[in-house]
Amino acid sequence: MTHVSLHRCRFIDFPPSQITALAFSHPSAPASPYPPPKNLRLAIGRANGSIEIWNPLSGAWVYESTLAGGKDRSIEGLTWIQDHDSHGRGLLRLFSIGYSSVVTEWDIATGRPRTHTDCNGGVIWSIAAQPQLHSSEKVNQDDQEACAQKIAVGMQDGTLTILSTAGGKGALSYIKTLMRAGTSKSRVLSMVWQNRHTVVSGMADSTIRVWDIRTGRAISRLSLNKDRGRDVLVWAVRALPNGDLVSADSRGEVCFWDGDKYALKQRIKGHHGDCLALEVGGISGDTVISGGVDMKTILYKHTGEVRKWGQVTLRRFHKHDVRAMAAYECGKFSVIASGGVDMTPIIIPLRQFFDEAQLEIPAVPQSPIVTSVPESRLIMSWWEREVKIWRIQELGYDEKKGDELYLFPGEEEGRGRKLLSRIVLANDEYITSASISSPIPQNGGHVLAVSTIAEVKLFLLRPPRPSSDSTSLRVSKITIPDSLRLETQEDEDGSDDEMEEDIDLANEGARLVRISPNRQWLSVVTPDSRVLIVKLAVEPPADPKSKVTITFESSVFELPRQDRPGSAPRAPPPPITDTPSKRRPKRLAPRVDEGDLETYPRTINHHLFSSTSDLLAVSDLSGYLDTYILANSTWKLNPKNPLLPRLNSSLSTLTFRPSFPSPSPPSTSSTTNPEDRLILITSKENHILELHLTTGVLSDWSRRNPPTHLPLEFRKLKPHATGTFFETSQWEAKQRLWIWSANWLWMFDLLKDLPEVKPRAEAARGKLGSGAGHKRVMTGGLVVSGPIVNPPLPTPVKTNTVGTVTDSEWEGEGYDDDEDGGGASRAVVPTSTQKKRNKGGVKGAFWSSNRYKNMLGFLPVGCREEILIKGEGWKSGQVLEAMEMVVVERPMWDVKMPPRFCKDAGSSARGGTM
Amino acid sequence: MSPTETPEAVKEVEKPNEPMEKKSSEISTKEPGADRNTLATPTEEEVERRKRRNRDRQRRRKENRHAIREGLAGTGGIGSKEVKEALDEDRMVRVAVGKRPNKPQTPKKKNSGESKASTNNAVVLAEGNGGSGVSSWRMSSALGGRFLPLDMVFSQDEKFFLLAHSCSLKIYSTKTSLQVREFNLDGKPSEVITSFKLDPLDSSKVYISTSASTICFVDWTTGKLVKSWQLSNIRTIQCLAICLDERAEDEETHGILYVGGSRPENPPIIIQRVKLSLSVAPIEGRIYVVPKSSPITYMQALDQGSIVTAIAGNTLIIGNKNTEEDSSDKKSWGVFRQYPMSFHLACMDAYIPSRSDMIAQKGEKSNRESRREVDQLGDVVVGDNQGALHLFHNVLRAKGVSKGSPVISKMHWHRSRVQAIKWTLDGRKYIISGGSETVLVIWQLGTGFKQFLPHLGATIQNIAISPQGSSYGVGFADNSVMVLSTTEFKPTSSVTGIQSRVFRLEKDTEYPRFTCVTHPTLPNRLLLASPSSQTDLYSSAPSLQTFDISSNRQIYRQALTKNNVTSVNQGPDEYRIKEPNLPHLAITKDGKWLASIDEWKPPKKRPFNPNQDGRSLQEDDSDQSEVSLKFWKWGEKSLSWELATIVKSPHPSSSSGPEEVLDLVAAPRAHLFATLAGDGSIRLWKPKVRARDGARLRGEDSEITVWSCRKVIKFSRGKKEQQVLAQNLLGGMGPQKVWWGSATFSEDNSVIAAAVPSSLGDSAIYLADPSSGAIVHFLSGLQVGETAEIAILERYLIILGTSKLLVWNMVNGTAQWEFNLRILLSVDNPVTHLAVDYVSQTFAITISQPDAQSPKVFIFEAPHPTPVHVQRFDCGYQIMALIATDTGKGYVTLDNQARVRCLSPILAGPVQHVSAGDEEEEQEALADAEEDEPTIGILSGAYLSTTTHTMSVEDRMDLDYHKGDGIVDHVVSREALENILDSTPSYAIGSLEYKFDQVLQLFAKAPLLSGDGDRDRNDREGVEEKGGLENGSGNGDGNGEDAMEE
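First to last, the sequence lines map onto chains A and B. Under our numbering, the first residue of the first sequence carries the number 1, and numbering increases by one thereafter. Under our numbering, the first residue of the second sequence carries the number 915, and numbering increases by one thereafter.
Please note that a few of the clues may not be correct.
[As the list claims (entries may be wrong)] Here are the simulated distance ranges between beta carbons:
# : chain 1 : residue 1 : chain 2 : residue 2 : range
1 : B       : L1557     : A       : S223      : 44 to 50 angstroms
2 : A       : N225      : B       : K1073     : 48 to 54 angstroms
3 : B       : K1073     : A       : D227      : 49 to 55 angstroms
4 : A       : W893      : B       : R1490     : 55 to 61 angstroms
5 : B       : R1490     : A       : K896      : 36 to 42 angstroms
6 : B       : I1618     : A       : N225      : 52 to 58 angstroms
What the hints contain is simulated information worked out from the structure, not anything from laboratory work. No residue lacks a Cβ here, since even glycine has one placed at the ideal position from N, Cα and C.
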C-alpha cells in the first residue's frame, strides 16, 4: 500500500519575465513546398535580458537553451541573419538590442554574447535585418559585402545606422548613417526592409519614412494623422510580399500603404489602445495579424479588390499587452508566435487560425530551477542572481485535531516552511545552474555549487549553531583553486601527450554544474559544452564545532565527447538538404536555406550522475548521449557508448533507474553496475526509453514497451517533460516513474507493461498541422471549414456540429487539452473512448493528472516514512508507506503584472474569444 | 316609476328562495346564501311580508315582462340555460324591457349633483333600448394594432412607405407620417401577412404573402387587389423573395417569386420557385429542401434570380442557378451551398454590386476585366443571436468561391441578438445593424470604425433602406416606425401605434394586466403604460403613452419612471435588471392630475437556497422592492405631465419593505386619489396648495401643490398580519395566498368601496365614507371568489369576482342579482374586466379565458341581469383592458394585438345636449355630423371640441339643482321615501322619531357639490348602510371572520 503525502506549495516567488521580442531564425517561406528547415529556431527575448531558444520541431516546440541575461539587461529587439553561403548553409547569427547603444551578437553555442558593437548614436530602439539575397539576384558572389545581410538599427535621434555583417561570426561593422533632414528628432520605433535597398522606419512623430540605403536619402515620408493633437507612434511596420507596407500605431489602427506610391490605401481601426505588434502571413501575404495593449489579437484578411482588407476576427489569447509577434510559414507549417507582458508565449496557427487552437507555452521555465534534498527536507530554487533554500517542515500529528493526520503544528503564517537562506550573487550574470549536495555526515551541512555563464562558485551551507536562535544556514564560500591542472583524455591512442594546462575552473563559467550524490565529484559543463569533472574531498567535521574541510584534487578531467557524424541533426542518413541543388528536381522551388548553427546542436542540455556516482550521462540538443563510467577513480567514456542510439529529438529529461530494490537479479551477469539503466524521455512525442549503459542495449521493459505503446495522450502532451522522479519501495516491488512538466503529471508503473496501442493510431502520426495547437472542433464562426454543397436531401447528413469527430480525425488531430482556453468546445467523445481502451488493457500501468498548473517541480522532500494507520478502512496496525512529495507551483495569477494600460479592455471580454 | 322598479328587484330575489339550497347557481337571481350570513337574516315574517308585497306588485306588472322574469328568475335550470344559450349564440338578447324604468337613477343623479340633462339622457337611452329590441350599441372597427416586424417598403420615389399590420397593408406618407391608404386582406381572421415585397418591375404593385399560402398582387397606389394566387404545395409561406428582373420565360409569366414555406408533409420546409401568370395557376417548382427543418427567417433573390440566399436556423444557404442555357426542367435548379454556423442566425442581407454600380465605380469604361471582377463579388452578412455579425466575403457567386472556407469577418458589438442588418447602397462600404441595445450601428467596413446612433428608445427590429438610399426605415419593438435621413440621422417621419403588450394566446400563461386609462376630458386619448418592447410579455412598462384613438396616432410619450433603455440592463450575473413597472394609473376627472404607482422588484437571483421555502423567498423579494406613488400635474405649457409629488412607499410597512399597492383610484368629483394596499388600508391623498418659498424661477407658479395622505382607513388585516394569523391558527400551514384588492369610489364620492380577500379565500368588501374615514358597511360571504374589480353604479355595488358577477343593492342591502361566470367559463381564473359608464348608467364586463373562441363584452344596466348588449369579438384575440370613457362614448376595449375598439351607444347625443347654454346649437350640429359620419375620427372631433366645456357643465349643475329644486325633490322623495318607509315591515319599525328624522334628513339634505368632499353630507345611502352594517357586522363577528379595524 502506497501513499503520497503531497505538499502543494506556491511560496516560491519565481518571477517570470515579460516577453519583449520574438524572432525566427529563418525568413518565412510560405510558398515553399518543403517542411521547415531543421535548423529553424525561435528566439524569445525577455525583459530580464535572457533569450530562450526554442526548436519548433514540427510543432513539438522544444525548449533548447537559454542565453542567460544579467543584471539590468534587457532584450528589446532580436534579429537573425544568415551568412551568405552559396549552398544555403551560412551561419545563423542572432543579434539583439537592449536599452543601450550597442548591438549584441550572441554565440548561441556558448550562450555568451559574441561581440558588442556600439553604434554611438544613443539608445537603439529598433533593429531589422536586410532580406537575404535572392537567388535570382545577380551579384558578384565574391563580394561578401554585397551578398551579406546588412542590419539596420534605429536610433533615438531618428537616424538609421546600417551595419555590415560580412566577415563571418563576430564581424559587425559600421557602414553608414542615414540622417534625416530637419532638426526634430524622434525615435525610430520600428523598422522593416521593404526590399534589399529600401528601409521603412516607423517613427514616433506620426510619420513613416522610407530610406534608400544606396543613396542614404529618405525617399518618402508617410504621414499619419495626429491622434487628438498627440503624435502617433508607429509601433510596428511590415512589408507585404507585393511590396505594400502595413503599419500599426498608437491609435490602434492598422494602415495599409501602397508600396510604390507610398500612399495610404486603407486604415482599419481594430484596437482600443496602442497596437504594438504586427505580422504578415498567408501564402500570398493575404493575412495580417496585429496585437495590442487591449490584449486582442486581430486577424485581417485581404478580401478582394473592392474592399481590399477587412478585419476578420479577433481573439484574446493574452492576458496583458501583446508586445511582440513573429510569423513563420514554410509549407504546411504556419504559425505566429506572440508574447507580451503576461510572459506566456503563445503559438497561434496562422493559416489555420479558425481551425486550430493556439498552443500556450507555460511561463515557467522548461528546465528545472528547483531541486530538493530529501534527507534534509530542503528545497532549493535559483533564478536570476539569487538562490533560495527553504526547509519544509515535517508532517505532524496534531493531537488536538484528532483524525486529521497531516498538519503542520505551529503558527499559521509561513506554515510548514521556513526560508533558511537566500544567497545573492555579486556578479552580474544570471545563474545558469545550481546543485546542492546531500548532507555531509556529522551535521556538516551541504555543499552548494552555483554556476553562471562566467563563473562557478562553491558554497558551504552549514546548519545554524545550536546555540543561536536563528534558523538560517551559515553560508561560507569555498574558493576553487585557480590553477588546477586540466587533463584531457585523448580518445583511442593514449600515446599522445596528455595535454596539460592550468584551468581556472572558477572563471570558466558553466552551463550546468552538478555535485555527485556521494559528494566526491563536481561536474561542470562549460558554456562551450565541454564536460569537466573534478574530485572533491569532503571531510566531515571531526566534532560538531569544527568546519567541513573541502579540498580539490589537483587535476580537472575533461571528459571527451564522442564524435558524431556532422553537427547537423538527424545524421543518418546524411541530410539530403546538404546538397540541395543536386538532389532536388529543378522544377521545384529552391530549397529553403537550412542555415547552419555550427556546434550549437551539440550543446549539452542534461547531465546526470547515477545514485552510485559511478556513471555520468550527458545528453545534447541533437539527441546524442554520452556516458562515462568511473573506473579506478578515473572517468572514462563508456566503451559501449557508440552503441547508444541517437534519439529522435533532444532529451527533455532523464533519470537512472534505482537498483536497490531490484525485483529480480540483474539479467546479465556481465553487468557490474546494478544501476546502469538510464531512462530517457525525449521531447518530441515524449518517448520513454530505457537503456543498459553497460551493454548499450535497450532494457527489457523498453523492449516490451516501445514508444508506440505509450498512451497517445502522453505522446501528444505539450509542453514536454521537465523532470522525473523514480519511486521505489523497500518492501514491495514497486518501480514507478513519475514524469512531470509545467502542466501535467504522469506516473508509469514500470513493473507493468503498457497496453498495446493499435498501430492504426500511428497512421496519422506525423501529420503536420500548422505547427501550433490541435484542431478546433468548433469555432465561433463557421462550424466546419468550407461549405457543404448540396447535402443529401431527405436525410441531411450530420454535420460536425456536435462533437462527432470521426475516429481517424481524432487520432490524428484532436485530443483533450485542458490548457486550451480558446473557449471552443472540444470533442468529448474521443477522450473517453481512448480512456476506455486504456483501461481495458493493463490496469494501472499509468496514471495522470492535470491538476497542477505552472509547476516548477515535483520533488521528494523528506525520506519515506511509515505511518501506522488507524481509522476506517484500514486494517489495524497496517503500515502506510508514505512518500512525501512537494509540488511547487507558480500560479500565474500570483505573478505581479504591471497595471493594464487599456482600461476598458476587460469590459467586453467574452471568454477570450470574440 | 320606482314602485315598478323596486319590487321587481325584490321579486327576483324572492323567487328562488325556495329551491335555494339545491340549486347550483347559474344565471340566477337568487339571494345568495352568503347574504344571509352577512345581512340581517330575514325573519320568517319578513319573508312572508315580502312575498305578499311581491304578489301585490306582480299584479301590477305587465304580463310579458312577467313571463320573462319568471322564465329567467324562476326555477333555475331552464331559464338560465336559455340565457346562456342566448349569450353563447350571441344573439342580441334583447329582453323586452320595454318601459324599463330608468327613473330610479334620476333621484340619485340629482343627489349626486348631476344635471337633469343626464336624466334626459337616461330617458333617451331607455327609449332607445325600449321598444325596438335592437342593439343601441355599436362597435367601431378595430383601430390601432401592431406593425408586423417586417421590413418596411419604400415607394420608388420615397414619398410613401408601406407597413403591414397582421391583416392589412398601410401606406403612409413620408412627409406627413399620416396614413394615406390601406389595403385590407379579406381573409379568415387567422390569415395574416407573412411577408410583402414591392414588385421590382412595377413599383406601384406589391406582392403580399399570407400564412394561408396566398399571394396577393396589390396596387398600393389605389389599394386595389389586382390578382391573387393560391399555392398548393406550401401550407404557410414563411418568406418571399423577388428577384429584380428574371428574364420572362414566356409571355404568360407574370412574375417569378421564390417562396420559402412549410408544408404538412415531409420535407417540411422547402424553398420554391413560383412562376405566376395571370391566366393559369402558378407553377411551383421545389428547388431546395431546408435541412433540419428550420424555418426560413429571411430570404433574398439577387442578380436576376440567379442567386437565392436564405437563413434557416443556424445555417446560411446560398443557391446559384445553373447558368447553362439548355437547362431543361428535369435538371435541378442549381447548386445550393450551406454554411452551418455555431449560433442561430437572426438576420441576413446579401449585396451584389449591379453592373451600373460597377460602371459608376470604374468610370465610363466597363471593360471585360471589371465585369469579371463583378462576377466574383457578392457578400453576405448575417447576424446571429449572440450579437456577432459574420461577413462572408465573395461567396455569392459560385464561380468566384474558393474551395475552402470563405473569408468570414466576425464583427462583434451587439450584446445580444442582432435583430436587423442591412447593407447600405453606397458601394458596400457600410453595414447598418440594430438590436436590443436600441442603437443603430453603422459599420464602416474599410476602416473598422463604427458609428452609433444611440438612444433610439426601443429594440430595433427592422431596418429598411430607401431606394435612393436617402433614408433608413427603422422598425422598433415598441410598435413604432421611424424614417431617418441618412445624412443627418434625424427622423423625418415616424409612426407609432399603440404600445400595449402584444402576445399570442397560450394556455397556462398568466398574462399581465394592461395599465390603461382614458383621458377624462379628451375621450379619444388613451393613456397607457407602455413597455419598451411590445412583444416581451414580462418586460416592465415604464413609460406613459398617450394615444389618440381617433386619429390612430400617438400624441406623446413620457417616461414616468426611471428606465434603462439606453443603459446596460444586465447585472453581473447576466440577470436582467428590470425597469420599474407602472401597475396603476389614475387620472382626475378634470384631467389635471395623474397619479401613478411604480414598483420595482429586484431581479431574481439565480441560485435559490433550497432550504428556503417559497414564502420567505417572496418576502425577501418584497424587502428590496420599491413602490412609489407619483402625482403629476398636466403642464399646459410643457404639454406633458409634470411631477408634483413623489411619495416613496405610500403604504409603509412596519416589518419590511413597502406594501404593494393593489389599486389606485381617482375620485370622480374631487382631486382625491385613493390607494389600496396589502396592509389592508386605504389611504386618501389630497393636494395642498402651498406658497413657494424662496426665490422663484421665472415662469414658475407662485404656488406649488403638494399631495399628501389625508386619511388612512384601516379596515382589515393586512397581508402579513393575515399570514401570521393563519400561521398561528393553522400551525404554520396557512397557504400562501395571492393577495389582491380592488377599490372604487361611488360616483358622488360619498362611498369608497374596497374588496380584499377574506380569510376564506372569498372577498370581503368594505364600504367607507371617504369624508369621515369611517367604515360604514361590511359585506362578506358573497362567494364571488376573488374580486377582480368592483364598481359602484348609483346605488348598486357591482362586484366582478372570479366566480360570479354580483350586483349588490346598497340601499336595500340585498343582492340585486348575480350571474355565475362558471356557466360561460370552465377555467378558474378567467380574465375579467369591469367598467362602469356613468353617462349611460351602464356597466360592462368582459369575461374570457385564454383559449376562448371569441371574447365578448356584455353591457348591463345595473338593476337588470339581462345584458343590454352583447358584443362578440373576433376570434383569437383577448380583451386585455376595458375602459369606460365617461363622456358618453361608451367603452373602449384594448386587445392583445394592441387594437382598440370603441363600443359606444348610438344615441349618445344627449351628452352634448346637456351642455345647454349658448353652445347647445353647436353641439347639436356636431352631434348631427356625428350621426352622418359614424367614423370615429369625426366623432372624436366632436368630442374634442366639447371637452373644454365639461367643467362648465359641472359648474352649472349646482345652479340647475337650485333652480329645479322642487322637481328634484319630488323625484327624490318617491324613491327615497319608499326606501325609508318600506324597507322594514311596519311592525319592525322602531321609533317613529327615527323614521321621521330620516325622512327629514332626506328633504333637508344639502346637495352634494362636485369637488368638495369635505362638506358634511350624510346621504341616504350612508344611513341605509349603517342600518345594514349593524346587522352585517354582527354576523361577521359571530362568524369570527374578518374582524374590522378602524
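How the hints compare with the structure:
1. L1557 (chain B) and S223 (chain A) have their C-beta atoms about 55 angstroms apart, which leaves the hinted 44 to 50 angstroms range violated.
2. Roughly 41 angstroms separates the CB atoms of N225 (chain A) and K1073 (chain B), a value that falls outside the hinted 48 to 54 angstroms.
3. Range check, K1073 (chain B) to D227 (chain A): Cβ separation about 44 angstroms, and the 49 to 55 angstroms hint is violated.
4. Roughly 31 angstroms separates the CB atoms of W893 (chain A) and R1490 (chain B), a value that falls outside the hinted 55 to 61 angstroms.
5. Look at R1490 (chain B) against K896 (chain A): about 37 angstroms separates their beta carbons, and that is inside 36 to 42 angstroms.
6. For the hinted restraint 52 to 58 angstroms between I1618 (chain B) and N225 (chain A), the CB-CB distance of approximately 54 angstroms keeps it satisfied.
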